[in-house]
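Starting from the given sequences, assemble the full structure and let the hints guide the process.
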Amino acid sequence: MSFKPSSYGRPAQGSADRTLRRLDRRAFLGIAASAFLPALVSAGPQRLAIIDWGVLETALAIGAVPLAATELRQFARIAVEPAVPASVVDLGLRGSPNYELLRSVAPDLILISGFYEYQLPSLERIGPVLTLPIYEAGKSPYPLALSSMLALGERVGLSGEAEHYVADTAAELQQLRTALRSFASRPAFLISLGDARHFRAFGADSMPGDMLTRLGIANAWRDDTSYSAAAPVGIEALARVPEASIIVIGPLPAEVSRGLPDNALWNALPAVREGRVAVLEPVNHFGGLPSARRFARLLAEAVAAKAAHD
Amino acid sequence: MLFWGAMALLAALLFGQRVGQQWSATHPGQTLDIDRVILVYGLLPRAAVALLAGAALGLSGLLLQRILRNPLAEPSTLGISAGAQLALALATLYAPALVEHSSAGVAFAGGTAAVALILALTWRRGLEPVSVVLAGMMVALTANAAGAALILANGDYLFSLFIWGGGSLVQQGWDSAIAIGWRLAIGFCAAIVLLRPLAILGLDDVSARGLGLSLNASRFLLIALAVWLATTVVAEVGIIGFVGLAAPVLATLSGARSLKQKLIAAPLIGAVLLWLTDGLVQLVAGEGGERVPTGAATALLGGPLLLWLLPRLRLFEWPSLQESRSAPRRAAHPWRRIALLGLLGILASVVALSLGQGLDGWSFASGDLLADLVAWRLPRVVVAAACGGMLAAAGVVIQRVTSNPLASPEVLGIGAGAGAGLAAVLLLAGIAGLGWQLAGSSLGALLALIVILAIGARGNLGPERLLFAGIAMNALCSAILAAVISLGNAQSYRLLGWLTGSTIQATGLEASIAVIGLVVITVPLLLAARWLEILSFGPSTALALGLPVRPVRNTLILIAALASALASQFVGPLSFVGLIAPHLARMIGLDRARAQLAGAIILGTLLMVISDWLSRMIVFPYQLPVGLFASLLGGVYLTFLLGRGVHRHG
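In order, the protein sequences belong to chains A and B. So for the first sequence, the working numbering puts the first residue at 1; every next one is plus one. So for the second sequence, the working numbering puts the first residue at 1001; every next one is plus one.
You may find that some hints are simply not true.
[As the list claims (entries may be wrong)] Take a look, some chain B residues computed to stay more than 10 Å from chain A by CB distance:
no.: 1; residue: R1018
no.: 2; residue: P1096
no.: 3; residue: C1189
no.: 4; residue: S1218
no.: 5; residue: R1336
no.: 6; residue: R1337
no.: 7; residue: G1342
no.: 8; residue: L1373
no.: 9; residue: P1621
no.: 10; residue: Q1623
no.: 11; residue: L1632
[Claimed, not checked] Facing chain B, from chain A, some residues (calculated, C-beta under 8 Å):
no.: 12; residue: P85
no.: 13; residue: S87
no.: 14; residue: L93
no.: 15; residue: N98
no.: 16; residue: Y142
no.: 17; residue: L146
no.: 18; residue: H164
no.: 19; residue: D168
no.: 20; residue: H198
no.: 21; residue: P253
no.: 22; residue: R258
[Unchecked claim] Reference excerpt, derived from the structure (chain A facing chain B, CB under 8 Å, subset only):
no.: 23; residue: Y99
no.: 24; residue: S122
no.: 25; residue: V241
no.: 26; residue: P242
no.: 27; residue: A300
The set of hints was computed from the structure by calculation and includes no laboratory data. A virtual CB, placed ideally from N, CA and C, is assigned to each residue, including glycine.
Shown next as C-alpha cells:
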C-alpha cells in the first residue's frame, strides 16, 4: 500500500485545550453516578464520521456517537450490538460511502480501519482521518482492538470510558473463561456456513478465533485465515479433528437451515453425533472489542444452555 | 470412440486413486467411521453428480442446439444458467421462503424467464443463431452484473455466491445426485419419445411444416425440457459452463451421425468431460480447500476448445446479417445535428453536476455549494463521460473494420480480456498501482482482440463467426474472472468492483488520464476517418482505392483495443456503450464515418453521464456501480435493436 497509515491529518485544536476539556469531563464524570454514564456522555466532543464497522462498534461502546456511519441497515442485522441511535446518518456501502453526503455532514474527524485506506485520498479532502488498526496480517486482533479503543478514547476525549470498557472486557473475559472451563477440554472449530456444503473457518488471526484462544479453548483450525481471505472449505474437512467441537457463527442462510439437517456428512461428524455443536447468533466477523465480548458472551450462553438441557 | 474410452479411463483412474486413498483410511471394525462416511457420502456422490450433471448438460445442450438449429446454443450461452442464478440470488435475499421451499423451482423460473426473453427478442428474426446467442449473452452479462451488484451491496452475507457462482461439485449426501438423476432419466425418455419431431426440427421450417408437425408446440416442449435439466444442475451445484456446448459438438466430431447416436453420445461425452475435469480439480486441490471450482475449470478448458472449433463448425444457412442492416436516411446537415447533440451533452453534464440529493432531499446546487459539490461530482462525471466517448469510438472502429453492425468492444470480449489481464496483474503483484493495472488490462484487451481477429482471418470468417469468437472469448475470460473472484480475497473484491464498473473512487488524476486518453484516441481517429469510410466497403475495394489495408486495419484495431482497455479500467467491461452509441449515431442520420464517429462519441458520453447520475440517485445514499446502469440501458436498447429487424425479415 502506498499510503502511510497516516493518522492525524491535521493537528487537533491544540493539546492544552484538549487536556483541559478532558479534565473537565473527568471531573464531571467523577460526580455523576457511574450507572448513568452511557446516557450522560451520549455525544463525544467531536463531530465523528465512521466508515469501518469495527471502529463504529468501538466508538459507540465508549459513548462517542458519530454523526454518520456506513451500511447501518446491514449493521443492525449482522453486528447487532451496540444499537445505533436513529440520529446517525447512513452513508451507504462501506466500500463506496457517499462522499457528497459525508461532506455535508462535515465531520471534524473521520475514522477508518486499515482496510479502507484506499479511500484515504477521497476522505482526506473532507476532513482529518484517523486510522484505527484492528486487523493486520499475522497479528492477533484483540490487542489491536484494545489499543485502538484506547487511542480513540484519547483522541475524542473519552479516555476514562475507554479505559473503563477495556477493564470491563478483561474482567468479563476472565469470568467467562472460568465458566467455559468444562467446554475447554476439547479443541473447537469456529466456522460460518456459506451454504449447506461449505464453511469458512476462523483462524487465530480472526477476532472470534483470537477470543477462542483467550477463553482457553484450542482452535482446531490450524491454518491462518489471513484477514478476509477465507477460502470456502468443504464440510468434510471438519472430520480431520474428530474430537473437536463445532461452533457456528450466524447468520445461517435459509438454504443452510433447510439443508443441513439432511446432510449425511454433517450428521456423521463426531461433533454433530455427540451433540457438540453450538450455533451462535450473528457476530460481526471483523468487529472490535464489543464484537469480541458479544462472541464470548454468546458462546458462554450457548454452552450453559446446552449444559442445562443435558 | 477410442479417445473417449481413454478419457473415461483417465477419469476413472483419478477417481480410483481418490477412492483408494479414502478406503485405506477407513477402519473396517468401527460402526461409525467418519472416513467411511466421507467415502460413501462425499466421494461417491460427487462422482455420481459429476457424471449425471455432465450428462444432463450434454443432453440439454444437444436439445437446444437441435431445436434452435444453432451450434452454439447451450444453457450458458443462452443465459439460462445466469438467469437461474440471478433468480436464486434474488430469492435468497428477498424471498428466502421460496428458496427454502424449492430452489429448483426458483432456478427453473429464472432460466425460463431468460430463455423466454431471448426467444421473444429474436422470434421475429426467425431465431437466427447470431441474434439468439447475442441476446443470450446480453441476458447473461446483465444477470451477472446484477448478481455482482448484489454481492457488493450485501457485503459478506452472500459469500455462498462465490462458491456457487463457480459451480462446486462438493457433495455431502446423495440428494443432488438423486435430484439430477431422476430428472435426467425423465428428460432422456422424453427425448427418445420426441425423437421424430426432434429429427424434423433439424430441418428448416418449410420442410418441417410440410411433414405436418405442430412445430411450435414441439419446440416449446423440448426447450422447456432442456431448461428444466439445465436449471436443475444450476440449483444443485451452480453454473457449469461449456459442457452443454462441447458435448454435442464433440459427439458429432467423434463420428455420431444419426440423431439417435447423438442422443446417446452427447450425454456420455458430457458425463466423461465433467468427471475428468472434476478429477483434475480434486487432484490440484490442497488441504485448505479447492482453489478453482469445477464449474470455472470447465469453462477454462471449454473456451479454447470453442475457439479452436469455430473455423471447423458447419453453420446452418441463415440470411447474412449484412442484408438486414438498415440504411437510415442520411442527414442533410450532419454537423448541425452533432452540434445539437453536443449542446445536449453539455446540458446533461450541467444537470448531472448540479442536481442531486443531500441531507435535506433534492436540490439544485448553486454558488458556493455547487463549487463544493462539483469538486466531488466532476471527476466522476468526467471519467464516466470520457470512458463513454472512448468506448463509442472503439465501437465505431470495430464495427467499420469488421463490417459487422453487431460488433463492439463488449461483444467481442475485449472488455473481458482487459479484465483477465487485470486479474493476472493483481494475482502476480498483489497490490498493483494504477499504471500496472492499466498495463495489464491493455495487454489483456489487445491479446483478446488479436486472438479473435486471428480466428476471424482464418477461412474467410463471416460476421457471424466473428461474433461467435467474441462470445467464446467473453466466456473464457469470464471463467478466469470467476475463478479468481471465487478465491474470496482482497483481489477478488477489486475484481468484483471492476466487473460492475464503479467510478466512485474517481479522482482528478483518473479524470485527467481518462480525458487525455479520450483526446489522444479520438483526435487521430477523427482525422483518419476517411480510412474508416473506405475500409467499410470491404478489403478489395479498399485496396483498389489505394489504401494499404493491412497496416491501416492493424493500427485502427490497436487504437480500439487501447480505448476499450482504458475505458473498462474505469467503468468495467459491461457498458454496451460501444455497441449502442454507433447505432444511435447512425439512426439519427450520421452515416459518413467522420460524422458517425463524432456523433457516437458525444452520444457515448451522454449515455455514461446519464448512467452515472442514475447510479448515484436511485438508491441514495447507497451508490450503485455506473457500469451496471449503463449495461441495463444498453440491454434495453439491444432489445429494441434485435426486435427491429421485423420489417426486413417479415
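For each hint, the structure was consulted:
1. R1018(B), annotated as away from the interface, keeps every beta carbon of chain A farther than 10 Å; the closest lies near 12 Å.
2. With a closest Cβ-Cβ approach of about 4 Å to chain A, P1096(B) is found to fall inside the 10 Å limit, against its non-interface label.
3. For C1189(B), the requirement that its beta carbon stay farther than 10 Å from each beta carbon of chain A is met, with the minimum near 28 Å.
4. Separation of S1218(B) from chain A is adequate, the least Cβ-Cβ distance of about 36 Å exceeding the 10 Å criterion.
5. Distance to chain A confirms R1336(B) as a non-interface residue, since its nearest Cβ pair spans about 37 Å, more than 10 Å.
6. Look at R1337(B): its CB is around 35 Å from the nearest CB on chain A, clear of 10 Å, so calling it non-interface holds up.
7. Even its closest Cβ contact with chain A, about 27 Å, leaves G1342(B) beyond 10 Å, as expected for a residue assigned away from the interface.
8. Taking the minimum C-beta to C-beta distance to chain A, about 6 Å, the non-interface status of L1373(B) is violated against the 10 Å cut.
9. Residue placement check: P1621(B) does not keep its beta carbon more than 10 Å from all beta carbons of chain A (closest about 4 Å).
10. Not every beta carbon of chain A lies more than 10 Å from that of Q1623(B), the smallest distance being close to 5 Å; the non-interface claim is violated.
11. The non-interface label for L1632(B) is consistent with chain A: the shortest C-beta to C-beta separation is roughly 18 Å, beyond 10 Å.
12. Because the beta carbon of P85(A) sits about 16 Å from the nearest beta carbon in chain B, more than 8 Å, this interface hint is broken.
13. Using the Cβ-Cβ criterion of 8 Å, the hint placing S87(A) at the interface with chain B is not satisfied: the shortest such distance is roughly 12 Å.
14. For the restraint placing L93(A) at the interface with chain B, the shortest Cβ-Cβ distance is roughly 6 Å, inside the 8 Å limit, so the hint holds.
15. Restraint check, N98(A) versus chain B: the minimum CB separation of about 4 Å is within 8 Å; hint holds.
16. Look at Y142(A): its Cβ only gets to about 20 Å from chain B, farther than 8 Å, so that hint breaks.
17. Contact between L146(A) and chain B, as hinted, is not supported at the beta carbon level, the nearest pair being about 24 Å apart and thus beyond 8 Å.
18. For H164(A), the interface hint is violated, since its Cβ never comes within 8 Å of a Cβ in chain B; the closest pair sits about 31 Å apart.
19. The criterion of a C-beta within 8 Å of any C-beta in chain B is not met by D168(A), whose closest approach is roughly 28 Å, and the hint is violated.
20. Because the closest C-beta pair between H198(A) and chain B is about 5 Å apart, less than 8 Å, the hint holds.
21. Given the 8 Å rule on beta carbons, the hint for P253(A) holds: about 6 Å separates it from the nearest Cβ of chain B.
22. A hinted interface residue such as R258(A) counts as satisfied when its beta carbon comes closer than 8 Å to some beta carbon of chain B; here the least separation is about 5 Å, so the hint holds.
23. For Y99(A), the suggested interface contact is upheld, since its CB lies about 5 Å from the closest CB of chain B, less than 8 Å.
24. Contact between S122(A) and chain B, as hinted, is supported at the beta carbon level, the nearest pair being about 6 Å apart and thus within 8 Å.
25. At a threshold of 8 Å, the smallest CB-CB gap from V241(A) to chain B is about 11 Å, leaving the interface hint violated.
26. For the restraint placing P242(A) at the interface with chain B, the shortest Cβ-Cβ distance is roughly 6 Å, inside the 8 Å limit, so the hint holds.
27. Restraint check, A300(A) versus chain B: the minimum CB separation of about 25 Å is more than 8 Å; hint violated.
Consistency with the previously given hints fails for numbers 2, 8, 9, 10, 12, 13, 16, 17, 18, 19, 25, 27, ordered from lowest to highest.
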